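Protein chains: 2
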Amino acid sequence: METEHKKFDLIIIGSGPGGYASAILSAQKGLSVALIEKRDLGGTCLNRGCIPTKTLLHEASLWSLFNQSGMIRNREEVHSYFKKTMEKKDLAIRQVVSGLQNLLAREQITLFRGEASFHNPTLVIVKRDGEVIDRLEGTQILIASGAVPKEIETSKRDGQWIIGSDDLLRLEEIPSSLAIIGGGRRGVEFATFFTHFGVPVTLIERENRILPKMDREISVRYKGILMKNRVKVFTETEVLSTEVLEKNRSILLTLNQKGKKETVKVEKVLVVAERKGDVEGLNLTHAEVALKGDFISVDPFMKTSMPNIYAVGDVVGRGFYAHKAFYEGRVAIDNIVGKESQVNYRVIPICLYGHPEASSVGMTEEEALNQYGEVQVGKFPFMACGRAIAEGNQEGMVKIISEKKYGEVLGLHILGPMATELVHLGVMAMKHEIGVEDLKELIFAHPTFSEAFFEAGLDTYGEALHMMKG
Amino acid sequence: METEHKKFDLIIIGSGPGGYASAILSAQKGLSVALIEKRDLGGTCLNRGCIPTKTLLHEASLWSLFNQSGMIRNREEVHSYFKKTMEKKDLAIRQVVSGLQNLLAREQITLFRGEASFHNPTLVIVKRDGEVIDRLEGTQILIASGAVPKEIETSKRDGQWIIGSDDLLRLEEIPSSLAIIGGGRRGVEFATFFTHFGVPVTLIERENRILPKMDREISVRYKGILMKNRVKVFTETEVLSTEVLEKNRSILLTLNQKGKKETVKVEKVLVVAERKGDVEGLNLTHAEVALKGDFISVDPFMKTSMPNIYAVGDVVGRGFYAHKAFYEGRVAIDNIVGKESQVNYRVIPICLYGHPEASSVGMTEEEALNQYGEVQVGKFPFMACGRAIAEGNQEGMVKIISEKKYGEVLGLHILGPMATELVHLGVMAMKHEIGVEDLKELIFAHPTFSEAFFEAGLDTYGEALHMMKG
Chain L
1 METEHKKFDL IIIGSGPGGY ASAILSAQKG LSVALIEKRD LGGTCLNRGC IPTKTLLHEA
61 SLWSLFNQSG MIRNREEVHS YFKKTMEKKD LAIRQVVSGL QNLLAREQIT LFRGEASFHN
121 PTLVIVKRDG EVIDRLEGTQ ILIASGAVPK EIETSKRDGQ WIIGSDDLLR LEEIPSSLAI
181 IGGGRRGVEF ATFFTHFGVP VTLIERENRI LPKMDREISV RYKGILMKNR VKVFTETEVL
241 STEVLEKNRS ILLTLNQKGK KETVKVEKVL VVAERKGDVE GLNLTHAEVA LKGDFISVDP
301 FMKTSMPNIY AVGDVVGRGF YAHKAFYEGR VAIDNIVGKE SQVNYRVIPI CLYGHPEASS
361 VGMTEEEALN QYGEVQVGKF PFMACGRAIA EGNQEGMVKI ISEKKYGEVL GLHILGPMAT
421 ELVHLGVMAM KHEIGVEDLK ELIFAHPTFS EAFFEAGLDT YGEALHMMKG
Chain A
1001 METEHKKFDL IIIGSGPGGY ASAILSAQKG LSVALIEKRD LGGTCLNRGC IPTKTLLHEA
1061 SLWSLFNQSG MIRNREEVHS YFKKTMEKKD LAIRQVVSGL QNLLAREQIT LFRGEASFHN
1121 PTLVIVKRDG EVIDRLEGTQ ILIASGAVPK EIETSKRDGQ WIIGSDDLLR LEEIPSSLAI
1181 IGGGRRGVEF ATFFTHFGVP VTLIERENRI LPKMDREISV RYKGILMKNR VKVFTETEVL
1241 STEVLEKNRS ILLTLNQKGK KETVKVEKVL VVAERKGDVE GLNLTHAEVA LKGDFISVDP
1301 FMKTSMPNIY AVGDVVGRGF YAHKAFYEGR VAIDNIVGKE SQVNYRVIPI CLYGHPEASS
1361 VGMTEEEALN QYGEVQVGKF PFMACGRAIA EGNQEGMVKI ISEKKYGEVL GLHILGPMAT
1421 ELVHLGVMAM KHEIGVEDLK ELIFAHPTFS EAFFEAGLDT YGEALHMMKG
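Same order as they appear, the protein sequences are chains L and A.
Positions 1 to 470 (my numbering) are the ones given, in order, by the first sequence.
Positions 1001 to 1470 (my numbering) are the ones given, in order, by the second sequence.
Hints should not be assumed to be uniformly reliable.
Listed next, the stretches of chain A that the computed footprint assigns to chain L, with coverage defined by at least 3 CB atoms under 8 Å from CB atoms of chain L [to be verified]: (1) 1020–1029; (2) 1090–1099; (3) 1257–1267; (4) 1384–1395; (5) 1426–1437; (6) 1442–1448.
Which residues of chain A face chain L? A few of them, derived with a C-beta cut under 10 Å, are [said to hold, decoys possible]: (7) L1111; (8) W1161; (9) E1451; (10) E1463.
For the record, the hints were derived by calculation from the structure and aren't laboratory data.
Quick caveat: nothing in here was measured; it's all calculated off a predicted structure.
Just so it is clear, CB atoms sit at the ideal spot from N, CA and C, and this is done for glycine as well.
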């Protein structure tokens, strides 16, 4: 048993995007870095989030195309295809994790596999199976321990009937029917995934619309798209109770939809609900690191209540995006090496990888109207976009919201092909103050999906070239 | 027979992208507009170029995915799939052409179907089947008559053995083998298309590399990709002669590759060679409009040698891109309505819709080195990009060339997934002087292909996050 103190410039707890990005950045800047991981290297994103779900969604959409092509004669093939999809997901995980291992090795980051807990604000103990295996002393410490699902009293995960996304990624068979609790981005992505495989899906959301954080127009249109794909959507709905019917191999949900009782019987329930910072076992009180609600409290420099301790990523809340964690890591490391830097969340893209895709950056139309009184809206439908027509992928639109006086872009909202990529045109315009009027100066290649962004810009002034109007 | 003079503010000859965009723009600005089309409404782009080829390439890539998935048991299905692909192409054409008809009607643009020829610099005669059907008088005239293939003496198109892209779009069967003369973007796109359907393709290029106008690195890598897909690539090669072997239902090409004689026997030869301005029948001398080589000569205001006559699009040469024609149309119309405007071709994206895609904007590495002496190069491979891994689409890279002092982006070259969309990030950066250093400020969504652009920017300073190095 190793118990001497090992000294590092920086100790990082958690190897997900916030942790590994911070580790690489700080090593690039010459710090000696310890990285502690209690579970899977790469955290949620690489092992149970972004990467595997993108593989699943991509493969499922291909299945759907195969199916539509009329070339699949034997519907039973779906089962072997599903198995292959799961295998491809495992392959993708292996590749990104092994890539990360190489990166860490190259940057000479010391990896410790075990649970971290604070002894005091500069001393972190690493335990495995309850035993202390290392004591690390760090001049500075960064917590990037991620988040875990919050339990819902009326639908507690049991791993068989009521599952979380972790269990889902281990499924070996396509469920015959599924209810999803949580109609945010992840809920909608999983609904999309199973719909491609023909699974009847029920989507349950507490708020009065699915995708409550996205622009209302996209949220409304997305509901229509899901319903067209035979997803049952319940909004303003709470789960009152769940009852396993062992004999029927099914589970009965009792719902309260705006005061009306409804029941739904399905094979499995997937809970994609709220999350809380994963601080269990960290012994934060020994480090004098304060929480705010379910998350670690940080200032705009990503510093916690203890001056030498920073926190970034899901454990600080404010949205669960890997790129938010990367960004916060960059800010934290800047401050750690003495280059003052503050976070600014104004221009963070949000992506939905369903089919169609959707994305958003900046203010929704409602938020912009509330703040500015009046705004300009430029819109362009993909059904008028040459590439969308050529590729038979015409659902959706691009919507640019801008301020009236100088044409400053306030928000960009996209539903449709490539939405998760095109959103970066808005990121660039917003960050570098390219007004909607300035977009006219650009030359967009024809035919591309990107032209829909350009045409939405032109439409702000009634100058779109290919606009279909009533 | 209609022979009275009809008067318009602007007469436009040709309804392809240059013509129809100019018509819509000038009508939006209040001009009365006549649009003359002798063949298909929408010109080459809508009927025989951009749109139909994108449908073909998209459907072919899906076939290739189906095929790779191992779910297609009967190889004979390829023939019915090919037929469906051709039908989808016709559907796409019908949709874009009918969209264009609506746009023209809405803007009250008067369409004349027939051949235009100048009587004098303000009078254009429209003929159909040799008979005069209209006489149009225009204060200003814009020529957007497009381009047509130049005949090659040693491989004259006969529509059966030696075909052009027009004939190709009417093919009813997959040829058993094909030679393509011309290894530029279009030649490579057609090679890609037929390769997906398992056709052995021979690609013949006169220059010492295929894609001679793209960055050398992309050109070299693309050759490797084609060869991996069993395309035979001949560079520095001229066609000496062609001989139809009726009995064998094949055609024999004799080639001269750097002085060495080679022969190739194929079912069909596709000629995708040089083009010249389509000015036949226009009677340009009556309008005192001068040519320069094969194209109409224009100044930076898009004005021809006759002050009231403008020309835009393929008929002026300088590259054959619909978006170049849109842009030139915008400049011409600005000048026509009295708002002085000059073309600047510095930031025009070029797209290759093969698989993988490729794109380019600004200077190639060689051009930049020649002009600046030394430059910075930031590069990022898609095999280190999370989304590319998740979706199993990892071939290629992003390369950003920038000037050393201020980090001004000089060129962007992409090979790989979404290249034709991602290129617009470079268009925006170059046009709005966002230096490669400024890219660091942006937050790119994870996981996206766009991140490869961001990481290439970071790599300029050795700061890429996910860079795999040797």
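> Which numbered hints turn out to be false for this structure?
Replying inline: 3, 7 and 8
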